[in-house]
Amino acid sequence: DAGVTQSPTHLIKTRGQQVTLRCSPKSGHDTVSWYQQALGQGPQFIFQYYEEEERQRGNFPDRFSGHQFPNYSSELNVNALLLGDSALYLCASTFLTTAMNTEAFFGQGTRLTVV
Amino acid sequence: QKEVEQNSGPLSVPEGAIASLNCTYSDRVSQSFFWYRQYSGKSPELIMSIYSNGDKEDGRFTAQLNKASQYVSLLIRDSQPSDSATYLCAVLSGAGSYQLTFGKGTKLSVIP
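Protein chains in written order, with the working numbering: chain C, 292 to 406; chain B, 14 to 125.
Take these hints with a grain of salt, some might be off.
Claimed, not checked - Dumping the calculated EDC-like pairs for lysine to aspartate or glutamate here, alpha-carbon to alpha-carbon at most 20 Å:
| # | chain 1 | residue 1 | chain 2 | residue 2 |
| --- | --- | --- | --- | --- |
| 1 | B | Lys69 | C | Glu394 |
| 2 | C | Lys317 | B | Glu58 |
| 3 | B | Lys55 | C | Asp376 |
Treat the hints as calculated values from the structure; they're not laboratory data.
Quick caveat, the model's predicted, so the values are computed rather than measured.
Please build the complete structure, drawing on both the sequences and the hints.
Structure below.
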């Protein structure tokens, strides 16, 4: 059973550039959430995609955008990169149920360094 | 502003002892609670989930939830050096929210 997979694992970009990160959810899961984790901090919620739509968004600027494809995979795009965007970007997948008893499983993450 | 608070540690315990990790949360409507383990440079790994008041045991791990006190804890019995990691408490609120709110994590060191 394939878990959550993310690509690439590491990335170095220059300020002002754009970046796209990719995520494939765990088999059977239909919902993908993205988180940003700065060094020494807990993950911060960026947004969540379900049925190819952004369902909820955290406190992140519009430079952060995303997409979900019919096969439930997802992309995170960040435009006009800032040094402060350097972080570990995590994708988490769940199966969204009305019971709210959902467990989220994380991919290995993408370490983004902006120079 | 929903908040999840954890002692940052480091918490040091000798091998074989019980490690006790604590977490408080601010949102009273929170319904689901999770503990993740994160090794340095790795992604969070789910180790426990708890949804109802009381205790939930899984092997050497016991999660405890007290919604009236807005308090969640994780006990690790017979601590091993391999348990040395940062433990993240995460809360999923109800009322239409689907985002996990994380604490900053508690760093645990198990001393051989």
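Hints violated by the structure (numbers, ascending) = Violated hints: none; all satisfied.
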